[in-house]
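> Below are the chains, spelled out letter by letter.
Number of protein chains: 2
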Amino acid sequence: MNNIAGEIIGYVAGICTAVCFLPQSVKTIVSKNVRDLSFWSYLLYCLGIFLWIVYGFYIGSVQMIVFNAVSLVFAGIIFVMIVRYRSRS
Amino acid sequence: MNNIAGEIIGYVAGICTAVCFLPQSVKTIVSKNVRDLSFWSYLLYCLGIFLWIVYGFYIGSVQMIVFNAVSLVFAGIIFVMIVRYRSRS
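Protein sequences, first through last, are from chains A and B. All the letters of the first sequence, read from the start, carry residue numbers 1 to 89 under this note's numbering. All the letters of the second sequence, read from the start, carry residue numbers 90 to 178 under this note's numbering.
Misleading hints may appear alongside valid ones.
One side of the interface only, derived from the structure: several residues of chain A facing chain B at Cβ under 8 Å [as the list claims (entries may be wrong)]:
| no. | residue |
| --- | --- |
| 1 | Phe21 |
| 2 | Tyr45 |
| 3 | Gly60 |
| 4 | Gly76 |
| 5 | Val80 |
| 6 | Tyr85 |
These stretches of chain A come out as covered by chain B in the derived footprint (C-beta under 8 Å, 3 or more residues) [said to hold, decoys possible]:
| no. | stretch |
| --- | --- |
| 7 | 8-15 |
| 8 | 29-35 |
Think of the hints as simulated: they come from the structure by calculation, not from any bench. Built from N, CA and C at the ideal position, the CB exists for glycine as well.
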């Protein structure tokens, strides 16, 4: 694989995992139904992504910081919705 | 931050994002309820993680390949459950 193809794959991967929870957060905000969502999965995901941002600062990778920060916004919205609405589910 | 602390943060981050969808996959397998899960989010997540594995081969990072392969197993299970059970939700 040449350098350009490899870097493009890295960027597409980063964009996919950065925005992947946009549809889930919209769906959850609209429906307010969180019964089928796992509290522990989103807690672990948010924690992991936060640590990737810290690691991004450590290795000085702007892409790692930005992609993970976007992901943390969407996953954080979903986690807050789970905490807020799970008692009624 | 010293080297050891930085590498530990990277490993903890990798473990968190590798296993984060274990609770969600167990919950979904047990309940078979997928109504609140976003088809597009898990499709994008699986695609992104698959591309991270390809990128891991490109840069020769065993950790990136292993962590993302574990994550793809759990997210893949959830995605298959969504495809299989969403019509009845």
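> Would the hint on Phe21(A) be counted as holding, given a Cβ-Cβ threshold of 8 Å to chain B?
holds, 5 Å
> Hint Gly76(A) vs chain B: min CB-CB distance below 8 Å?
The hint is violated - Gly76(A) has no Cβ within 8 Å of chain B, the shortest such distance being about 14 Å.
> Given Gly60(A) was flagged as interface, is its beta-carbon under 8 Å from a beta-carbon of chain B?
violated, 11 Å
> Three or more residues of the stretch 29-35 of chain A near chain B by CB distance under 8 Å?
Answer holds; 4 residues pass the 8 Å Cβ test.
> Report holds or violated for the interface hint on Tyr85(A), using the least CB-CB distance to chain B and a cut-off of 8 Å.
violated, 10 Å
> Please count how many residues of the stretch 8-15 of chain A have a CB within 8 Å of a CB from chain B and say whether that reaches 3.
Contact hint for the stretch 8-15 of chain A vs chain B: holds, 6 residues under 8 Å.
> Under 8 Å, Cβ to Cβ, is where Tyr45(A) needs to be relative to chain B, so tell me if that hint holds or is violated.
Since chain B brings a Cβ to about 4 Å from Tyr45(A), closer than 8 Å, the hint holds.
> Do the numbers back the hint for Val80(A), that is, is its least Cβ distance to chain B under 8 Å?
With a minimum Cβ separation of about 15 Å from chain B (threshold 8 Å), the hint on Val80(A) is violated.
Violated hints, listed in ascending order, are 3, 4, 5 and 6; each of the other numbered hints is respected by the structure.
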